[in-house]
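Student: Single-letter residue listing:
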Amino acid sequence: MSTKTHSSDVERSIVDRIRASPFLTELLSNRIAVAGLSLIIGLFAVAIYARLVYDLDAIIATSFGSNPTEAAPSAQFWFGTDGQARDIFPRVLYGAWYALKFGTATVLASTALGITAGIVAAYYGDLTDNVIMRTMDVLLSFPSLLLALALVTIFPESLGLWRAVAALTLVYTPRFARVVRGAALKVLEDEYIEATRALGATDPRLLIRHVLPNCLAPITVQSTLNYGLAIIDIAALSFLGFGANPGDPSWGMMLANGVEKGLFSGAWWWSFFPGLFLALTVLGFNLLGDGMRDALDPRMRDAVD
Amino acid sequence: MVSKRFIAKRLLLLGPVLFGVATVVFAILHLSPGDPAIAIAGERASQEFVEQVRSDLGLTDPLWEQYVRFIRDTATLDFGESYQVRRGTAVGDILADRLPITIELAVLGQIAGLLFGLPLGILSAVKKDTLTDHFSRVGALTGISVPIYWSGPLLILLFAQVLGILPTSGRIGSTYFIDSKTGFILIDTLLAGNLAAFQSAALHLVMPVIVLGVYSMAFISRMMRSSMLEVIRQDYMRTARAKGQGAKTTVMKHGLRNAFIPVITIIGIQFGSMLGGSVLTETVFEINGIGTLLVSAINKSDYPVVQATVLVFAFMYTIVNLLVDITYSVLDPRIDQ
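Those protein sequences? They're chains A and B, same order as listed. Just so you know, the working numbering puts 1421 at position 184 of the first sequence, and the rest follows in order with no gaps. Just so you know, the working numbering puts 543 at position 201 of the second sequence, and the rest follows in order with no gaps.
Next comes chain A alone, as it looks inside the complex (with noise of 0.2 Å):
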C-alpha cells in the first residue's frame, strides 16, 4: 500500500516537473527547432500517405511497355521515370515511408538495448558495469559506418534492409547506454530511491518504476539526434549495395541505381529527387535535435543576453 502511495506521489512530481520545464515552450519558441519538426510532421504525412495510396507491388515492378524509360519530369511523370520505366514520383514517397519505418526501428532498437545495457550497468556497478562499459567503450573506438559495414556480413543478405538495421542497431547501442548509465547514476543518489528500496521493491520494479522514467529527457535528445543518422546511415549501407534489395523503393537504393546508370547520361532526376528528399529528411532531425539541445542546455540560454 505504502510503496503504491510513494510512487504516484513520484509519478506527479515527473508531471509537474515536466509542466514546469520551460524545456517545451523554449523547444517550439526556437525558430530552427520548428522548421525541423515541420519538416518531420511533412515527412510523416508524405509516408502515412504513400503507404496507404500506393500499393509496393505495382511500385517495385517495371512498366515497360507501359511508361516510357528515363521519360524526363513532365506533367504526367512529376519527377520522370527510371531505368525499368518506373514512374519516380510513387517511389520516392515510399521512400519515406521505407526511410521512417526501418530508421525507427533502428532507433527503438537501438534505445531499448542502450537503456538495458545503461541501466545495468549503473545500478550493479562494480564488474557488470567495467564488463558493459568496456564493451560499449570498444564498440566506440570503430568509425561508425566501417563497424557497420562489418557488421552487415554477419546477417544472411534475404533480410535486406533488416540488415542494416540489425547493424546499425548494434553500431549506436554504446551511445545510448552511455547517456542513460549517466543519467541513471545521478538518479540513483536521490532519496527516493533509497526509501523505495526500503520499502521492499525489487530491482526490475526499481528499475523500470523509478529510474527510468526519471532519464527520459536525456534519452530523448539522443534519440532525436541519432534519428537523421539512423535514415542517413541506412540509405549509406544500401547506396554501398549492402541493405535494399534493387527494385525497392527505398532513397539509398534509387540513388545508388540513379547515380550508376542515369546520371552521366543525362537522367538526372533518377537520383536527384530521392537524394532531395533523403537530405531534407535527415535535415528536418538534424535541426529539430540542435534546437532541442539549445533548448535543454541553460548555458546557452543564459548566453543570450
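No wet-lab data here; the hints were simulated from the structure. Small disclaimer: the values here were computed from a predicted structure and weren't measured. Glycine included, each C-beta is placed from N, C-alpha and C at the ideal position. There could be a bad hint or two in this list.
Subject to a maximum C-alpha distance of 30 Å in a straight line, what follows is the list of computed DSSO-like cross-link-like pairs (lysine-lysine) [to be verified]: (1) A:Lys1423 with B:Lys351; (2) B:Lys642 with A:Lys1498; (3) B:Lys590 with B:Lys469; (4) A:Lys1498 with A:Lys1338; (5) B:Lys469 with B:Lys585; (6) B:Lys346 with B:Lys595.
Across the chosen pairs, the derived CB separations fall in these ranges [to be verified]: (7) B:Leu457 with A:Leu1453: 39 to 49 Å; (8) A:Trp1399 with B:Val672: 40 to 50 Å; (9) A:Gly1437 with B:Arg411: 45 to 55 Å; (10) A:Ile1285 with B:Asn536: 51 to 61 Å.
Chain A is already provided as a structure; the job is to place chain B on it using the hints.
Tutor: Chain B alone, transformed into the frame defined by chain A:
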C-alpha cells in the same frame, strides 16, 4: 605543464582497447555465414579440396587456438594473404599501397573543414542571433544533412560534365606516370618535379575534399560557435575590453585561444565520420583508397582483407583520439585533475 601521468595512463589504456577491437573483428568474421575455404577454393571445387584448404587455413583447429593465433598475428602486423582482391599478395602490402590515399583525402578534408569551419563559427558567435548567425547555422546543419553520395554525383554533374572544369574521377590524369614514393599523390608529383602532374592531382582532389570537408566544417563551426559564446561571457574578456582593447583584437587574441580548446575534442570524435565519409567519397569518385578496398573485399568475401582494413580504420581512429586527448591535456593542464 604536460602531465606525464595523464599521458602514461592514456597510453596504458591503448593496449586493452586495441585488444578489444581485435577481438570484436575476430568475432564478427567468425559469425559471418560465408565460408573462407570456399572463397579460396572457388564455388566449383571438390569437397575434398575445400576440406584441404580449410585445414591449411587452420579453420579446423579449436576456436581458442585460432583466436590466439589471430591475436598474435595482428600484434605482429601479419595480416595474411588476400584471397580475391589481389590473390596471393600480402594484405600488409595492399594496405601500404592504399592507406596513404585515404589518409591524404581525410587529412585534406579535415584541413578544409578547419579553414572554413573556424571562421564561420567565430562569425556566428560574434554576430549571435543576427541574419549572419542564422544563415551560417542552418548552412552548417544543411552541410551535415546532405549525403555525400548525393552531393558528390551532383558536383560531378555540374563541374565535370556540364562545365567541364574539373575531372570526373580517379586521382590523376591518365597521361601521367608518377613513381609512388610516399603514396601521397600531391607529395609524389612534387618530388618528381612534375608540376603539370601536381596540378592534375590537385584538380582531381578538389571535389572529393569539398564533399568531405563540408562535413567537418559543419561540426567544427557548430562547436566553435558554442564554445566562443561561452568564452565571450568571461570576465577576462570584459577586462580586456575595459582596458581599451578593440573588440576584434579581444576576440582574436583572448577569445580564440580559449574557445579553441573544446573544439579539439570534436575534431577527434568527428575524425571517425571523416573515415566513414571517405568510404563513400572514394566510392563516388572512384578513388582506390582503403574505403573502396573494404567494400570490394566484403563483396568478394576476402576475409583477411576485410579484417585488416577494419582493424586499420579502428586503429587510426583510436590513435587520432589519443593524440587529441594528449593535445588537450597540453593546452589545458586542468584536465589531469
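Student: Against this structure, judge whether each hint is valid.
Tutor: Hint check:
This hinted pair checks out: A:Lys1423 and B:Lys351 have alpha carbons roughly 26 Å apart, not beyond 30 Å. At most 30 Å may separate the alpha-carbon atoms for a hinted pair to count; B:Lys642 and A:Lys1498 meet this at roughly 22 Å. Only pairs whose Cα atoms come within 30 Å are accepted, and B:Lys590 paired with B:Lys469 is accepted, the gap being roughly 12 Å. With a C-alpha separation of about 27 Å, the suggested pair A:Lys1498 and A:Lys1338 falls inside the 30 Å cut-off, and the hint holds.
Distance check on the hinted pair: B:Lys469 and B:Lys585 sit about 22 Å apart at the alpha-carbon level, within 30 Å; holds. A threshold of 30 Å between alpha carbons decides the hint, and for B:Lys346 with B:Lys595 the separation of about 29 Å falls inside it, so the pair holds. Checking the proposed 39 to 49 Å range against B:Leu457 and A:Leu1453 shows it holds: the Cβ atoms sit about 40 Å from each other. Our hint of 40 to 50 Å for A:Trp1399 and B:Val672 holds, since their Cβ atoms are close to 46 Å apart.
Between A:Gly1437 and B:Arg411 the beta carbon distance is about 52 Å. The supplied range of 45 to 55 Å therefore holds. The beta-carbon spacing between A:Ile1285 and B:Asn536, approximately 59 Å, falls within the hinted interval of 51 to 61 Å.
Of the hints listed earlier, there is not a single one the structure fails to meet.
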